[in-house]
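Read top to bottom, the protein sequences are chains V and G. So for the first sequence, my numbering puts the first residue at 97; every next one is plus one. So for the second sequence, my numbering puts the first residue at 97; every next one is plus one.
Treat the hints with care, since some could be wrong.
Some, not all, of what chain V presents toward chain G, calculated at C-beta under 10 Å [what the hints assert, rightly or not]:
| # | residue |
| --- | --- |
| 1 | Gln225 |
| 2 | Asp248 |
| 3 | Ala252 |
| 4 | Met261 |
| 5 | Arg262 |
| 6 | Ala270 |
| 7 | Gln271 |
| 8 | Lys275 |
| 9 | Pro278 |
| 10 | Gly290 |
| 11 | Leu291 |
| 12 | Ala292 |
Just a sample of chain G residues kept apart from chain V, beta carbon distances all over 12 Å, derived [what the hints assert, rightly or not]:
| # | residue |
| --- | --- |
| 13 | Ala142 |
| 14 | Phe148 |
| 15 | Leu162 |
| 16 | Met194 |
Note that these hints are calculated values from the structure, not bench results. None of these values were measured; they are calculated from a predicted model. The beta-carbon is built from N, C-alpha and C at its ideal position, and this holds for glycine as well.
2 protein chains.
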Amino acid sequence: MTLVSEHIEPDTRERILVVAERLFREIGYQKTTVADIAKVLRMSPANVYRFFDSKKAIHQAVARGLMGEVEEAAQAIAARPGPAAGRLRELLSTIHHMNSERYVGDAKLHEMVEIAMEENWDVCNAHIQLIGEIIGSVIGQGVASGEFEVADVPVAATCTCMAMMRFFHPQMIAQCVDKPSPTLDQMIDFILAGLAPRGKAK
Amino acid sequence: MTLVSEHIEPDTRERILVVAERLFREIGYQKTTVADIAKVLRMSPANVYRFFDSKKAIHQAVARGLMGEVEEAAQAIAARPGPAAGRLRELLSTIHHMNSERYVGDAKLHEMVEIAMEENWDVCNAHIQLIGEIIGSVIGQGVASGEFEVADVPVAATCTCMAMMRFFHPQMIAQCVDKPSPTLDQMIDFILAGLAPRGKAK
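With the rest of the complex left out, here is chain V (with noise of 0.2 Å):
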């Protein structure tokens, strides 16, 4: 113990969230255990716990880190410049593909999300409001730009994540697999139709 210097701890960290994704995505997030994590690192139990409180502790900050990954790319398009409505799309059709990827199809996450979403984790809310605020930044370049005529920014920005959940929501993109569904430009379509500009009144 006393061979463990200071700069080892983050890489530690690090290393313990690696194979605890990994490991969710192998055999689950419900039959990982922290044991499991430990014998992988060869490490006790005890030093995993030096670095997390407990299972939970460990879960929230994978799922931090693969919010954190959809996060920076939707940050990236909107701070990009050009015209709005191109770049809501892009932003739209990245998250989507991001969490597909990311949580449905081979990888057993989407039972973490499950858990995570059910049992209200500050982690998911802080990142649904986070993406409403990058989603409400492109709208407000738009509305800047009049290629988007809203009330209200912030309502616009909810209603459109609101509106994607079916492509955004990783237990309903797992669900809606097999159900009637308009594609997701179709659904794109639509929501831009909500954003752009009213010509006469309605």
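Add chain G to chain V, keeping to what the hints say.
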């Protein structure tokens, strides 16, 4: 058995469904057995099986009954005269309130809905399809009256359905209680804006 005349059988089938629905609400879908249902009705499980092939068949029939009530209310609104925009708002609100009452809150029925949706029961797919068609008929009426302008009515209908997912899907209604969300009327306003006639080109 010779005393059981033809006209009693529909009542028995209906009584089984009434009891099944009550037990699903009280003790939960998973925990209710065919024996439980039979016991309340003072009949043998074998007798229940005369009317339903399996527990799943009973569940599909209970789900069918609940969904049928929503479809009936929706069709009544679609059949009324008057401006389409107001009736579309009423239609979307009604579906939300009925699904909230039936499946969420005290009722353990959303456990049944979860399984039904995950296992892709035909009754669910048919219901979603029909609700989409009813919404489509009101959108079509709005296009005819000039209140709405859409390129493709069925696509606009499925987009409207999907956009309302947080307010229609029992699991999402339950899960989103504590999540950032637009109000029901804000979401409907957003959808109506998407359906409204375009003025100048986008």
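Practice prompt. State the violated hints by number, sorted upward, taking the hints as numbered earlier in the document.
Written response: none
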